[in-house]
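> As they're listed, the protein sequences go chains A and B. So the first sequence is numbered by UniProt numbering: it starts at 1 and just counts up by one. So the second sequence is numbered by UniProt numbering: it starts at 1 and just counts up by one.
FYI, nobody ran anything at the bench for these hints, they're computed from the structure. Hints are not guaranteed to be accurate.
Restricting the straight-line Cα-Cα distance to at most 27 Å, the calculated cross-link-like pairs of lysine-lysine (DSSO-like) are [stated by the list, open to error]:
| hint | chain 1 | residue 1 | chain 2 | residue 2 |
| --- | --- | --- | --- | --- |
| 1 | A | Lys37 | A | Lys8 |
| 2 | A | Lys50 | B | Lys270 |
| 3 | A | Lys50 | B | Lys292 |
| 4 | B | Lys558 | A | Lys319 |
Here are some chain A residues the structure puts well away from chain B; computed CB gaps all over 10 Å [said to hold, decoys possible]:
| hint | residue |
| --- | --- |
| 5 | Pro181 |
| 6 | Ile230 |
| 7 | Leu269 |
If you're wondering where the values come from, they're calculated on a predicted model, not measured in any experiment. We put the CB at the ideal spot given by N, CA and C, even for glycine.
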Amino acid sequence: MKGLFKPKPKTPAELVRQTRDLLIYLDLHSSSSAPGKEAKREDKMAELSKLIRELKSILYGNSESEPVSEACAQLTQEFFRENTLRLLISCLPTLSLETRKDATQVVANLQRQQVHSRLIASDYLEANKDLMDTLISGYENPDLALHYGAMLRECIRHQTIARYVLESEHMKKFFDYIQLPNFDIASDASATFKELLTRHKSTVAEFLTKNYDWFFAEYNSKLLESENYITRRQAVKLLGDMLLDRANAGVMMRYVSSKDNLRILMNLLRESSKTIQLEAFHVFKLFAANQNKPPEIVSILVANRSKILRFFGNFKIDKEDDQFEADKAQVIKEIAALEPRE
Amino acid sequence: MASQVHQQETNMPSYPLDPTSYKILQKIGNGVSATVYKAACLPMNSSIVAIKAIDLERSRANLDNVRREAKAMTLLSHPNILKAHCSFTVDHYLWVVMPFMSAGSLHSIISSSFPDGLNETSIAVVLKEILNALLYLHDQGHLHRDIKAGNILVDSDGSVKLTDFGVSASIHEPNSSNSSSCFSSSMSFMLNELAGTPYWMAPEVIHSHIGYSFKADIWSFGITALELAHGRPPLSHLPPWKSLFMRITNRLRPCDYEKGKKDKNKKFSKNFRDMVASCLATDPLRRPNAGKLLKHSFFKNCKNVDFLVKNMLNGLPPVEERYYRECLNFPDQSAANIDGNEDDSEEAGPVEKHRRISGWNFNEEAFQLVPVFPTERSVDSNVAKEAGFFKEESIDKREQRRIMRNENPSAESSFSFWEGEAQDRTTVDEPITGATQEGEHNLDEAQHRTTVDEPIIGATQEEVTEVGVDVIKSGEERVAMEEHIAAIKSTAGEAIRRTALAAKMMPYLMTLLESLDDQRLAVANLIFEIKGEEVVISHQQQLQHAVSRLTLQLEKEKTKSAQLERELEVLKWKYAEKDRDDPSEDVNETRTATDSNTTNDQ
Numbered sequence: 001m002k003g004l005f006k007p008k009p010k011t012p013a014e015l016v017r018q019t020r021d022l023l024i025y026l027d028l029h030s031s032s033s034a035p036g037k038e039a040k041r042e043d044k045m046a047e048l049s050k051l052i053r054e055l056k057s058i059l060y061g062n063s064e065s066e067p068v069s070e071a072c073a074q075l076t077q078e079f080f081r082e083n084t085l086r087l088l089i090s091c092l093p094t095l096s097l098e099t100r101k102d103a104t105q106v107v108a109n110l111q112r113q114q115v116h117s118r119l120i121a122s123d124y125l126e127a128n129k130d131l132m133d134t135l136i137s138g139y140e141n142p143d144l145a146l147h148y149g150a151m152l153r154e155c156i157r158h159q160t161i162a163r164y165v166l167e168s169e170h171m172k173k174f175f176d177y178i179q180l181p182n183f184d185i186a187s188d189a190s191a192t193f194k195e196l197l198t199r200h201k202s203t204v205a206e207f208l209t210k211n212y213d214w215f216f217a218e219y220n221s222k223l224l225e226s227e228n229y230i231t232r233r234q235a236v237k238l239l240g241d242m243l244l245d246r247a248n249a250g251v252m253m254r255y256v257s258s259k260d261n262l263r264i265l266m267n268l269l270r271e272s273s274k275t276i277q278l279e280a281f282h283v284f285k286l287f288a289a290n291q292n293k294p295p296e297i298v299s300i301l302v303a304n305r306s307k308i309l310r311f312f313g314n315f316k317i318d319k320e321d322d323q324f325e326a327d328k329a330q331v332i333k334e335i336a337a338l339e340p341r342e
Numbered sequence: 001m002a003s004q005v006h007q008q009e010t011n012m013p014s015y016p017l018d019p020t021s022y023k024i025l026q027k028i029g030n031g032v033s034a035t036v037y038k039a040a041c042l043p044m045n046s047s048i049v050a051i052k053a054i055d056l057e058r059s060r061a062n063l064d065n066v067r068r069e070a071k072a073m074t075l076l077s078h079p080n081i082l083k084a085h086c087s088f089t090v091d092h093y094l095w096v097v098m099p100f101m102s103a104g105s106l107h108s109i110i111s112s113s114f115p116d117g118l119n120e121t122s123i124a125v126v127l128k129e130i131l132n133a134l135l136y137l138h139d140q141g142h143l144h145r146d147i148k149a150g151n152i153l154v155d156s157d158g159s160v161k162l163t164d165f166g167v168s169a170s171i172h173e174p175n176s177s178n179s180s181s182c183f184s185s186s187m188s189f190m191l192n193e194l195a196g197t198p199y200w201m202a203p204e205v206i207h208s209h210i211g212y213s214f215k216a217d218i219w220s221f222g223i224t225a226l227e228l229a230h231g232r233p234p235l236s237h238l239p240p241w242k243s244l245f246m247r248i249t250n251r252l253r254p255c256d257y258e259k260g261k262k263d264k265n266k267k268f269s270k271n272f273r274d275m276v277a278s279c280l281a282t283d284p285l286r287r288p289n290a291g292k293l294l295k296h297s298f299f300k301n302c303k304n305v306d307f308l309v310k311n312m313l314n315g316l317p318p319v320e321e322r323y324y325r326e327c328l329n330f331p332d333q334s335a336a337n338i339d340g341n342e343d344d345s346e347e348a349g350p351v352e353k354h355r356r357i358s359g360w361n362f363n364e365e366a367f368q369l370v371p372v373f374p375t376e377r378s379v380d381s382n383v384a385k386e387a388g389f390f391k392e393e394s395i396d397k398r399e400q401r402r403i404m405r406n407e408n409p410s411a412e413s414s415f416s417f418w419e420g421e422a423q424d425r426t427t428v429d430e431p432i433t434g435a436t437q438e439g440e441h442n443l444d445e446a447q448h449r450t451t452v453d454e455p456i457i458g459a460t461q462e463e464v465t466e467v468g469v470d471v472i473k474s475g476e477e478r479v480a481m482e483e484h485i486a487a488i489k490s491t492a493g494e495a496i497r498r499t500a501l502a503a504k505m506m507p508y509l510m511t512l513l514e515s516l517d518d519q520r521l522a523v524a525n526l527i528f529e530i531k532g533e534e535v536v537i538s539h540q541q542q543l544q545h546a547v548s549r550l551t552l553q554l555e556k557e558k559t560k561s562a563q564l565e566r567e568l569e570v571l572k573w574k575y576a577e578k579d580r581d582d583p584s585e586d587v588n589e590t591r592t593a594t595d596s597n598t599t600n601d602q
């Protein structure tokens, strides 16, 4: 009798199947606006929202209970057994804001769920790489950008997926996305851009080596020399992070051997912004520390020696930082000792 | 014109993303790194908006915080949460365009028209709205972390909205710096980062071994209730930073709300007192969550927001006028006013770790909050009196510092018993440097401090007896001292053993300290010879010069102390053979202790 009043709680797999069915329904009926169907569609929407919320609470737990790993594994397995992720991504625009947020968090969490100590999300995405194209194009739609962006950042935690994105044509688009006027979206795009260029060391090193020419040409002209303060600030910081990474030593050597790059960095050192100056210093010091400076670099440094030394004489930061002081002293020493060559 | 037509055609107006579309009308608030303006959005019939201009140069390391705030304000959608229209950068400012809330913040309303607090009915209305916001936020996995009247805005129709997500945190937004494991479940989500505004901060935020979570917002909510009831938060007669320190050094019993004003006509209902008391439970687990609080009988039969329009907003001067008047009253406001305004962002918030508070007593009858500190001993006054105590105390102090360091490496320099200026790095050394040129200065300051303190201590004691909390009289200094050590012992399980060890090591450490002091004296003499009489000019500058000179000397000193350390190690090994404690642990110990000495000297 009890069963009549209180239905047995559904298993995680059942919840996923129901979610999928509803998504399929919505996918088919998204464009039809027949008057009779409208109400039915609303009902299905509400049901879907509830289901996605339930999925979320299985994965994250709630204030009373921790997530159960067995349930999470079941859910994950069922989710990737069929094309649920693709459906969810394509139906996202039709969902309400709250459901979009829940869905995003579900997708994010699934990327880290292991089933039999395998990240099955990675296998799924590898077979469905075109989903990345959809997620990236989200940056062109203000209503979807933050949701797709958050999903995308989770997906590129998988190395193969990150490599796919790095090597795709989309990489060029990021130079525009991170300068979009809308701050939310632009900063989300730069977070993704940074993740792509710092997370998987060997992949990044390979990408930068192969694509050095176009990448740094774009990087210099569009980002480091951007009109936009925040773009310059983030770009010079990220440049420092990339070049100082041991995996990118080869790329670094190449970068600090170019006089054009030196000129750009010297301009950034002269900025009125303290933050940009400091970040630029962390890159500039590499030019100075290079023990095999090409003659053109040497001659620029020698020609500007007194100015540079005077500049560093007054270059201070608010915080006490021994490393910074040591670096600065080293740079001064290097530049003071330079001999003009032929 | 064309765009205007376009805006009207679509129901969802989208606000323009360039500064030329807005006309700044007036400044209506400012904080450390942001200013809030009232502005007109020209393409939208000059509709009125508020623009918060965040100076990105001033929030240097924290671009991520800014991003999180903007994102939160875009994605959170609740009638009691202020949603941003849009945000974009204008040179090194981030402009966040928001709805204009014409009645301003509750802080501003209270300080202009209700200096002694609101009536209970209004409080209930406001708090209920805020609880709805909190329920939603927590359900979304967000912690606000800066709940206070200054962050609650009211519109002319009485609607109440929570704002300022500058220091908020989310379990779904992995942030390397703020949480132990970023992708944890809702239940075990824990933060360690210190954030918020001091008066409103929960004890576990200031100090906890396991971190804090959603219940920290509930504490701040409780403090906000007191703020609305009394016109200001507990302990606020002390200026935020110095005072935070004052109440530590001077064994203040900061019973709040000075007597003159004290609740002459104010009788708060049992329900209200009970509700606030539950929020201010020291143990976060014993505080109710937002959902439970909403069901509290205090919120039964709660009036709706129209009540606020009639009883609170009626006759209220416009927000810009209030701001203007406030500026007249406090001309150096931008510098002085770090809490009050609706917009103060992360820099007013996150603070250095200063002090552990062992607990709080909420006195339900008096409707006040009384913190309990593990130390009840005023050190300043005793340094002069009890010279014999000095060394013991400094060892003790180092011990405590070391514990602090273990927990939070970044806080090491801000912890000192002697100094009012916790943020002043250099002064931390003074007690140890003792004999150097600052000696004079130090003494002066100590004297100065004691004279300042006396009336406060006097006043406090009176208050204390009135409120009926346990008082430790000045005669009981030694007992307090013991308590102090006991308190340190209890802070961490590991620390117990260390303290015990440290006590055994005391003679050795004292020898070490003495020889270090001798060396410092020599250095000080040297400086004196070089510098001669000039020493008096500007303490700060002088000190900087001295520090740079000292750096060279320090190198030598470090070598010496390294030698001493080795000697000490030998001694300790011998000692440890007699003792059954783990000798290797022991060695590490002293090393950190000596290290802390040397680093503090720099």
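> Hint by hint, note whether the structure agrees.
Here is what the structure says about each hint:
| no. | hint | verdict |
| --- | --- | --- |
| 1 | Lys37(A) - Lys8(A) | violated, 30 Å |
| 2 | Lys50(A) - Lys270(B) | violated, 39 Å |
| 3 | Lys50(A) - Lys292(B) | holds, 22 Å |
| 4 | Lys558(B) - Lys319(A) | holds, 23 Å |
| 5 | Pro181 | violated, 4 Å |
| 6 | Ile230 | violated, 5 Å |
| 7 | Leu269 | holds, 16 Å |
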